[in-house]
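When the letters of the sequence shown are read in order and numbered with the numbering used here, they come out as residues 3 to 364.
These aren't lab readings, by the way, just hints derived from the structure by calculation.
Ideal Cβ positions, reconstructed from N, Cα and C, are used throughout, including at glycine.
Mixed in with the good hints, there may be bad ones.
To be verified - Ranges between beta-carbon positions, derived for each pair:
| no. | residue 1 | residue 2 | range |
| --- | --- | --- | --- |
| 1 | Val31 | Ala120 | 43 to 51 angstroms |
| 2 | Asn52 | Arg233 | 47 to 55 angstroms |
| 3 | Gly32 | Lys69 | 51 to 59 angstroms |
| 4 | Gly32 | Ile131 | 35 to 43 angstroms |
| 5 | Gly324 | Pro275 | 31 to 39 angstroms |
| 6 | Pro275 | Ser334 | 33 to 41 angstroms |
| 7 | Ala25 | Glu113 | 38 to 46 angstroms |
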Amino acid sequence: MILRKRFRSKRAFTLVELLVVIAIIGVLVGLLLPAVQAAREAARRMSCSNNLRQVGLAAQNYHSAFKQFPAGYQSFATRDGSAPPTVRMDPITWDAGPGWGWAAGLLPFAEATSVTDAIRFDRPIWDPINQAAIESAVPMFLCPSTTGGDDAFTVQDAAGQPLVIDGQTIRLGRTHYVASHGQESCWGECGAAATGEVFTNIYTSATQIIPINGDAGQVADGPFFRNSRTRMRDILDGTTNTIFFGEHSSALSDKTWVGVVPSASTHPRFESPENGSDAAATLTLVHAGPSGGELDITGNPIIHPINFPTYHVGQMFSEHPGGGMVAMGDGSVRFVTNFVDLILWAEMSSMNEGEVIDWERL
3 MILRKRFRSK RAFTLVELLV VIAIIGVLVG LLLPAVQAAR EAARRMSCSN
53 NLRQVGLAAQ NYHSAFKQFP AGYQSFATRD GSAPPTVRMD PITWDAGPGW
103 GWAAGLLPFA EATSVTDAIR FDRPIWDPIN QAAIESAVPM FLCPSTTGGD
153 DAFTVQDAAG QPLVIDGQTI RLGRTHYVAS HGQESCWGEC GAAATGEVFT
203 NIYTSATQII PINGDAGQVA DGPFFRNSRT RMRDILDGTT NTIFFGEHSS
253 ALSDKTWVGV VPSASTHPRF ESPENGSDAA ATLTLVHAGP SGGELDITGN
303 PIIHPINFPT YHVGQMFSEH PGGGMVAMGD GSVRFVTNFV DLILWAEMSS
353 MNEGEVIDWE RL
């Protein structure tokens, strides 16, 4: 008997089957990718929240040690714009050295001892002895969702050119978190003006002219401003109801943990019909609006909450979808949506107006 070996032909995938498999894989990837991206953003948002919680805790520890919160920034400010020959002063804003900001004051309470030990706080920010230290990146001050960069940046003047002091440019370490100046602002117009217009009632747009004589503290109703010495007992609205810190992404403008350099300017990364450069104080402080006598076309005060489409360099700005993080005076952290009630936002930004916060409008 002759045995015949039977062979089975090998069947390959047809082109149609291959295309079907590829299409199915594509659909699965399309379904899973948003979920993966959402999970990653949730992790970044949690990391950002933890950062702000650490900042808030450091501020509480600072207050426990010194019986006051750190100054928004330190400046040898005078009431008449005069200064000793050895002090560098901006003739417009009357900002002067040493310039160290609120975040620099928190370094010893934030486990940033290597940076703290390298800084000579008895010298101005721009002193060459401090240059290496002030370029440092401090992880606690960086939000992982920000796309605008984590590296140090070059300080600019009003024309958008590198600011030169004693023949050298200044580079400052970046932060994605800023301190709240409150409702009213006093930036470039603060120095030479003898009086300023402030809002006395945000509900009726009532304003009042008061003497300021270059003192930002006269028109600031938030916890941080030039040479501020805010104490817990000064926060009449309660620390739970008062915004201390919030986000400002580098995608909008450069902010620093270091402080304020006289004659510097903050410039937006992109332009909108209502934004533009602003004074050096906005390197580390922001405000909620309204600003002095600023009214919109309907006669209402201009208020810019987080991510407001004015894209002002002096407002809070976040890249988290739907809103951004703020740290309250008691150290708690809240997520504020892009649709927060404007009046509520202004109420939360002041510390001594006596408002009762309705959290349902958040």
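- prompt: Out of the numbered hints, which ones does the structure contradict?
  reply: 2, 4, 5 and 7
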